[in-house]
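Construct the entire structure; sequences and hints are all you get.
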Amino acid sequence: MKDIKPTNDVQAQILEAFHSRHATKVFDPTRKISDDEFNTILEAARLSPSSFGFEPWQILVVQSPEKRELFREFSWGANGAFNGTAGQLGTASHFVIFLAHTDATMKHNSEYQQQHMREVKKLPEEVIGFINQAFQKFQEHDFKIEGEQITEWSARQAYIALGNVMTTAALLGIDSCPIEGFEMDKTIDVLEEYFGVAPKLYKPAVMVALGYRENEPPFAKTRRDMDQIVSWF
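Each residue of the sequence shown is one higher than the one before, starting from 170 at the first, in the working numbering.
Treat the hints as calculated values from the structure; they're not laboratory data.
It is possible that part of the hints are untrue.
Calculated lysine-lysine pairs in the BS3-like style (CA-CA distance at most 27 Å, straight line) [stated by the list, open to error]: (1) K372 with K276; (2) K369 with K313; (3) K201 with K390; (4) K276 with K291; (5) K369 with K276; (6) K306 with K290; (7) K276 with K355; (8) K369 with K355; (9) K313 with K372; (10) K313 with K290; (11) K276 with K306; (12) K369 with K306; (13) K174 with K390; (14) K236 with K355; (15) K201 with K236; (16) K369 with K236.
Put into structure tokens, the structure is as follows:
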């Protein structure tokens, strides 16, 4: 299948960003993302959409080398064990962990939700009452989720923000790599002991490293053809 040809500058910029980005395994440790550009990346996360607008994620930016090393032993997707390097943990300009809210804050009618609707969204009480009923129906009847399933739902919302972070970075000429290669239980323990993250409230959803690639990717980008993934009716 031939690549789609852009018909204007905006399309060209978008397609170039997606063609050039790749899951960067080793970054150039001498190059750092500017504060302005990283703040733009964070703003893309902050402005990301979420189901019911509840924003069920938190973001940790881990810049201290000592703090990053706390994850090395059990973060096989970021420690360079596969390629004999310092990995993303040791080379990325910025290292981010997305936390997913648990059912402590995301079960329907929670205190967090009521505060969020009143203080952040500034909704009138009648609208809050309607959303409370709708969200309860969504959890209990439509999606039938409870307990850990609510945490998994929150993680899916966090992935929306993650996608926007990576796309924004690519448009800025900044490389990234999403990372799920870590042991969940050990990550939770480190977050609680060294970062003050209460596991009752938050669980790690995904990590992402950002910076500038040290080398070009060794393989050309491959994807299924459009007609293999899209069906029109």
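Going down the list of hints, with the structure as the test:
1. K372 with K276: Holds: K372 and K276 sit about 15 Å apart, inside 27 Å.
2. K369 with K313: holds, 21 Å
3. K201 with K390: holds, 25 Å
4. K276 with K291: Holds, at about 20 Å.
5. K369 with K276: holds, 13 Å
6. K306 with K290: Judged against 27 Å, a Cα distance of about 21 Å means the pair holds.
7. K276 with K355: holds, 25 Å
8. K369 with K355: With a Cα-Cα distance of about 15 Å, the restraint between K369 and K355 holds, given a limit of 27 Å.
9. K313 with K372: Between K313 and K372 the Cα gap is close to 20 Å, so the pair holds against 27 Å.
10. K313 with K290: holds, 26 Å
11. K276 with K306: holds, 11 Å
12. K369 with K306: holds, 24 Å
13. K174 with K390: Holds, at roughly 17 Å.
14. K236 with K355: Holds - the C-alpha atoms of K355 and K236 are around 14 Å apart, at most 27 Å.
15. K201 with K236: holds, 18 Å
16. K369 with K236: Answer holds: K369 to K236 is near 22 Å, not above 27 Å.
In summary, the structure agrees with every hint in the numbered list given earlier.
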